[in-house]
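Using the hints, build the complex out of the two chains.
Protein sequences appear in the order of chains A and B.
For the first sequence, the working numbering gives the first residue as 1, with consecutive numbering after it.
For the second sequence, the working numbering gives the first residue as 1, with consecutive numbering after it.
Keep in mind the hints are simulated off the structure, nothing from the lab.
Only a predicted model underlies this, so the values are computations on that prediction, with no experimental measurement involved.
Treat the hints with care, since some could be wrong.
[To be verified] Selected chain B positions facing chain A (Cβ under 7 angstroms, derived; list incomplete):
id, residue
1, F3
2, L45
3, L52
4, V55
5, P92
6, L116
7, T121
8, P123
9, L150
10, V151
11, I160
[Stated by the list, open to error] Now the stretches of chain A that chain B is said to cover, found in silico as 3 or more residues with beta-carbon under 8 angstroms:
id, stretch
12, 23-37
13, 87-100
[Claimed, not checked] Dumping the calculated DMTMM-like pairs for lysine to aspartate or glutamate here, alpha-carbon to alpha-carbon at most 20 angstroms:
id, chain 1, residue 1, chain 2, residue 2
14, B, K32, A, E174
15, B, K100, A, E141
16, B, K21, A, E168
17, B, K100, B, E62
18, B, K126, A, E141
19, A, K108, A, E75
20, A, K65, B, E62
21, B, K28, A, D61
22, B, K132, A, D28
23, A, K163, A, D61
24, B, K132, A, E168
25, B, K126, A, E75
26, B, K22, A, E174
27, A, K171, A, D41
28, A, K71, A, D61
29, A, K108, A, D28
30, B, K131, A, E174
31, A, K164, A, E75
32, B, K32, A, D61
Positions of the beta carbon are idealized from the N, C-alpha and C atoms, including for glycine.
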Amino acid sequence: MNLLKHISKRTIIIVTFFIFLAFSFFADYTPGVTIGVNFKDFLLQMVTILPPIFILIGLFDVWVKKETIIKHLGEGAGAISYFWVFVLAAPMAGGLLPGFPIAYSLHKKGARIQVILVFLGAIGVGRVPMLFFESTFLGWEFTLIRVIVSIPLVIISGIVLGKKLNNEGYKLPEVDVKSKKK
Amino acid sequence: MYFIYVLSVVAVIISFIADRKKTKKAIKIGAKKLWNITPPFISILIAVSVVLFLVPNSVIVEYLGGSDSYFGVVIATLVGSITVMPGPISYPLCGILLNKGVSYSVIAAFSSSLMLVGVLTFPVEKAYFGKKFALLRNALSFVIALIIALVFSLVSGTLI
Chain A
1 MNLLKHISKR
11 TIIIVTFFIF
21 LAFSFFADYT
31 PGVTIGVNFK
41 DFLLQMVTIL
51 PPIFILIGLF
61 DVWVKKETII
71 KHLGEGAGAI
81 SYFWVFVLAA
91 PMAGGLLPGF
101 PIAYSLHKKG
111 ARIQVILVFL
121 GAIGVGRVPM
131 LFFESTFLGW
141 EFTLIRVIVS
151 IPLVIISGIV
161 LGKKLNNEGY
171 KLPEVDVKSK
181 KK
Chain B
1 MYFIYVLSVV
11 AVIISFIADR
21 KKTKKAIKIG
31 AKKLWNITPP
41 FISILIAVSV
51 VLFLVPNSVI
61 VEYLGGSDSY
71 FGVVIATLVG
81 SITVMPGPIS
91 YPLCGILLNK
101 GVSYSVIAAF
111 SSSLMLVGVL
121 TFPVEKAYFG
131 KKFALLRNAL
141 SFVIALIIAL
151 VFSLVSGTLI
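Chain B extracted, bound-state conformation (with noise of 0.2 angstroms):
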């Protein structure tokens, strides 16, 4: 994170000595795209903070604790689909999983629906791309963590 901060005040630096005009227009567009998209964020960040509220890590480790076959790994992806967490939290809690027993598919499908399908942040996907290109990109998503899993069950224990 510090890395996008010293990126961006280099460049605005750079920017500045290059011209001082283009830089100011460059702050005012970004001002201006932020606050636009304030409204949805807020938005989204209320209803990731419910539904965080509503499947605490506690539902989710009882939930993905033991199972291990085909159903499990649905219910993964879906779990990993319909949440929103930042990675230092996420991480951490397929750990927990790990050391729980369950397999590295169910994991696979968790964590890489978590990242890849937005059921939350489908309102701003929407806004920007359109109601199909959002329907579509999340559906793959959801097949590609599918798959991610199939692989894993595949390999584990002989690759991993």
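If we strip away everything but chain A, and leave its shape as in the complex, we get (with noise of 0.2 angstroms):
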């Protein structure tokens, strides 16, 4: 019941907003606009980006046996699964908002937490992509001195946190099982 409050909520917002952008469009209003164009950018963004992601996770899914993430990222793993959440992370396009899904993935099948804390924190620091833009705007010694200050801080504070929260007994929502009872 509290679920779908929330989305009649969220319907409310998303429909508000549509008809803001068409009156914005219709009587020229520049700040609507400028907003519908944002909007517009960012939604191509992630129209691009989502569906490959999400195919990879479907495969991610069917294919990956968990005792195979278990055993390179999960609880008895040790520390060369920071080293593969980084490899993992390199190659992502479009930031933390994509990156939920799959580090949500990973624990389901059995990855830790410490573990996707890192991932995510590698996804804000090491993707390729935009090391490339970042060197061209900054300089590479910008670069260089920001990865290698960041790495050490993500990995320490994504041990750390994981610790905390694996102590406390910590459990991660039921995504999946929540949105089917919609």
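What follows is the structure, given as structure tokens:
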């Protein structure tokens, strides 16, 4: 019931937004048009990035065995896990937003909390396409220093936070189960 | 970005050759997961496009331009945390800031928090990982951005 309330509120926001956009374009209301163009740009970016990512998530779901993930990214897997998630994050497109469902799938297959935290951090600091952009505009010295400083910070904070959550018996929400209810 | 397309197409072809049924199932699973997450994604895109209108590049340049102090770093981290920008927009903006004489530490604070902290994406993060996880991860990432900025203020002039 709570979920239903949530969805209807969201629907109202979305519908209102589109009415506002339609009005703005019709009346040539500049702020509205600017917001509309922003929205279109972001939407296009997500529409182009998300479908292949979710196809990969689907393939990951059916092909990759839980034991494999537990062995390399699970509780007993050791420090090499953090290397793997940086490799995994390196070619990622689109930033944190598409990263969340990937991290969630990894966790569902047995990756420990520390590992998915470091994975999210790796998406933030170590995506190769972004490194090219960054070094083009800010110089390779900047990129090099930032990467060298960021990587240990991301790993340490992921381990510390993950351990804390584990000690408290933290469980991630069941997204797929929740969405079935509606 | 093309990489992800090449990768998924190749993966689907290999998967299809190996097992048709499994591949169909995989695509169904992917499509269903994408469908489930679409409404929250749309609301976030709405929030992002409104915030980017309220905080346009010119305002960011004005606020961060010239500020060189610790105060500037904190402001930059806050701005980076609440805005969401794709790399092709944010890095040219960082280049503009650099040309305006903004210090490396302020730019590092801005770009790092932009990439690590997501105030606008918080609802999606919360849906996947729970409130506590999302809250603490973002708070820690905020601190990480500050530390990166601090390192840059220490090394600027010598290493960069």
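Cross-check of the supplied hints:
Annotation: interface hint on F3 of chain B holds; nearest CB of chain A at approximately 5 angstroms, less than 7 angstroms. Because the closest C-beta pair between L45 of chain B and chain A is about 5 angstroms apart, less than 7 angstroms, the hint holds. Nearest Cβ of chain A to the Cβ of L52 of chain B: about 5 angstroms, under the 7 angstroms cut. The hint holds. For V55 of chain B, the suggested interface contact is broken, since its CB lies about 11 angstroms from the closest CB of chain A, more than 7 angstroms.
For P92 of chain B, the interface hint holds, since its Cβ comes within 7 angstroms of a Cβ in chain A; the closest pair sits about 6 angstroms apart. Interface hint at L116 of chain B: satisfied, since its Cβ lies 4 angstroms from the closest Cβ of chain A, which is below the 7 angstroms cut-off. A hinted interface residue such as T121 of chain B counts as satisfied when its beta carbon comes closer than 7 angstroms to some beta carbon of chain A; here the least separation is about 5 angstroms, so the hint holds. Hint status for P123 of chain B: violated, given a least beta-carbon distance of 9 angstroms to chain A, over 7 angstroms.
Hint on L150 of chain B is violated. Least Cβ distance to chain A is approximately 9 angstroms, over the 7 angstroms limit. Proximity of V151 of chain B to chain A holds as hinted, the smallest CB-CB distance being about 5 angstroms (cut-off 7 angstroms). Because the smallest distance between the Cβ of I160 of chain B and any Cβ of chain A comes to about 5 angstroms, under 7 angstroms, the interface hint for this residue holds. Figure legend: the stretch 23-37 of chain A, annotated as covered by chain B; annotation consistent (4 residues with Cβ-Cβ distances under 8 angstroms, at least 3 required).
Three residues within the 8 angstroms Cβ limit are the bar, and the stretch 87-100 of chain A against chain B gives 8, so the coverage statement holds. With a C-alpha separation of about 15 angstroms, the suggested pair K32 of chain B and E174 of chain A falls inside the 20 angstroms cut-off, and the hint holds. At roughly 19 angstroms between alpha-carbon atoms, K100 of chain B and E141 of chain A fall within 20 angstroms of each other, so this suggested pair holds. Restraint check: the Cα-Cα separation between K21 of chain B and E168 of chain A comes to about 41 angstroms, which exceeds 20 angstroms; the hinted pair is violated.
With a C-alpha separation of about 10 angstroms, the suggested pair K100 of chain B and E62 of chain B falls inside the 20 angstroms cut-off, and the hint holds. Of the pairs offered as hints, the one joining K126 of chain B and E141 of chain A is violated, with about 35 angstroms between alpha carbons and a cut-off of 20 angstroms exceeded. Taking the CA atoms of K108 of chain A and E75 of chain A, the gap is about 13 angstroms. The hint holds against a cut of 20 angstroms. Only pairs whose Cα atoms come within 20 angstroms are accepted, and K65 of chain A paired with E62 of chain B is rejected, the gap being roughly 52 angstroms.
For the proposed pair K28 of chain B and D61 of chain A, the alpha carbon gap of about 11 angstroms is at most 20 angstroms, so the pair holds. Taking the CA atoms of K132 of chain B and D28 of chain A, the gap is near 43 angstroms; set against the 20 angstroms cutoff, the hint is violated. For the hint pairing K163 of chain A with D61 of chain A, the CA-to-CA distance comes to about 26 angstroms; that exceeds 20 angstroms, so the pair is violated. For the proposed pair K132 of chain B and E168 of chain A, the alpha carbon gap of about 11 angstroms is at most 20 angstroms, so the pair holds.
Our distance criterion of 20 angstroms between C-alpha atoms is broken by K126 of chain B and E75 of chain A, whose separation comes to about 23 angstroms. Of the pairs offered as hints, the one joining K22 of chain B and E174 of chain A is violated, with about 23 angstroms between alpha carbons and a cut-off of 20 angstroms exceeded. Between K171 of chain A and D41 of chain A the CA atoms are separated by roughly 36 angstroms; this puts the pair beyond 20 angstroms, and the hint is violated. Between the alpha carbons of K71 of chain A and D61 of chain A the distance comes to roughly 16 angstroms, so the proposed pair stays at or under 20 angstroms and holds.
Restraint check for K108 of chain A and D28 of chain A: the C-alpha separation of about 48 angstroms exceeds 20 angstroms, so the hint is violated. For the proposed pair K131 of chain B and E174 of chain A, the alpha carbon gap of about 13 angstroms is at most 20 angstroms, so the pair holds. The hinted pair formed by K164 of chain A and E75 of chain A meets the criterion: a straight-line CA distance of about 14 angstroms does not exceed 20 angstroms. The straight-line distance between the Cα atoms of K32 of chain B and D61 of chain A is roughly 12 angstroms, inside the 20 angstroms bound, and the hint therefore holds.
Consistency note: the structure conflicts with the earlier hints numbered 4, 8, 9, 16, 18, 20, 22, 23, 25, 26, 27 and 29.
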